[in-house]
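A.B. asks: The sequence shown lines up with residues 1 to 226 when you count with our numbering.
Rather than coming from a laboratory, the hints here were simulated on the basis of the structure. Where a beta carbon is used, it is the ideal one built from N, C-alpha and C, also for glycine. Worth double-checking, as some hints may not be accurate.
Quick list of simulated restraints, FRET-style, between CB atoms [as the list claims (entries may be wrong)]:
| id | residue 1 | residue 2 | range |
| --- | --- | --- | --- |
| 1 | Glu112 | Ser22 | 32 to 42 Å |
| 2 | Ser67 | Gly177 | 19 to 29 Å |
| 3 | Thr172 | Arg8 | 43 to 53 Å |
| 4 | Ser67 | Gly163 | 18 to 28 Å |
| 5 | Thr172 | Ser67 | 37 to 47 Å |
| 6 | Pro65 | Glu207 | 13 to 23 Å |
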Amino acid sequence: MNAVDKPRYPVALRGDLDGSLSRWRWLVKWLLAIPHYLVLIVLWIGFVAATLAAGIAIVCTGRYPRSLFDFNVGVLRWNWRVQFYTYAALGTDRYPPFTLGPADYPADLQVEYPERSSRWQPLVKWWLLAIPHYLVIAAMTTAGPNLETSQSSTGGGTIGLLGVLVLIAAVTLLSTGRYPRPLFDFVMGVNRWLYRVIAYVALMRDEYPPFRLDQGPREEPATTTG
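Produce the complete structure using the sequences and hints provided.
C.D. replies: Pasting the structure below:
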């Protein structure tokens, strides 16, 4: 009987955990990353504009303009590096580079360019087809309601699952100087799921993202075994 391994999704997220993380630096990374945050505000505006232009081009021609595709991949790559450095993973103390392109850095993102794209999917991907993934991502990354304060004038909330995991990692780092590897692998799985969905709703791939938490720093290549 033949067995086929799980196929590799064409959005590859990599994050290699540093072996010697500082115990305290995560306390100030929000400050150190401010220059990147300012640049990313501008880049994300460009990302939205490029995605809208690409959507029109796909509907008309069935192709995602390569220049727009490369720019959007660069924005996602830049964003992921900053998140890996800061509070989506805390996986490295190396300062992220200011570049859209590949670089010698512990975190990277690659998206395979589609030679052809569905002309009709841009009309329904982001608001209809991706709804199940939106629900999963909301459960993993956003704060939920605080029932004790939901009736108050100020409201309240709790930290999302990803935030809880990274907070546990931060406290563990502070007290022991070590990042628990199973925890890091799970954090990477959550981030990998998130970026697959972003690439999908940004029209970069037509393949529907799998409902699968692929953990670990790197994804296994697609293989077929007998």
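A.B. asks: Can the suggested window of 37 to 47 Å be confirmed for the beta-carbon pair Thr172 and Ser67?
C.D. replies: holds (43 Å)
A.B. asks: Falls inside 43 to 53 Å, the C-beta gap from Thr172 to Arg8?
C.D. replies: violated (31 Å)
A.B. asks: Could you tell me whether the CB distance from Ser67 to Gly177 stays inside 19 to 29 Å?
C.D. replies: The hint (19 to 29 Å, Cβ to Cβ) is violated, given that Ser67 and Gly177 are roughly 45 Å apart.
A.B. asks: Using the C-beta atoms of Ser67 and Gly163, is the stated range 18 to 28 Å upheld?
C.D. replies: For Gly163 against Ser67, whose Cβ atoms are near 36 Å apart, the range 18 to 28 Å is violated.
A.B. asks: Given the range 13 to 23 Å, decide if the beta-carbon distance of Pro65 to Glu207 lies inside it.
C.D. replies: holds (19 Å)
A.B. asks: Taking 32 to 42 Å as the hint, is the beta-carbon distance of Glu112 and Ser22 inside that range?
C.D. replies: holds (35 Å)
Of the numbered hints given earlier, the model fails hints 2, 3 and 4; all others are met.
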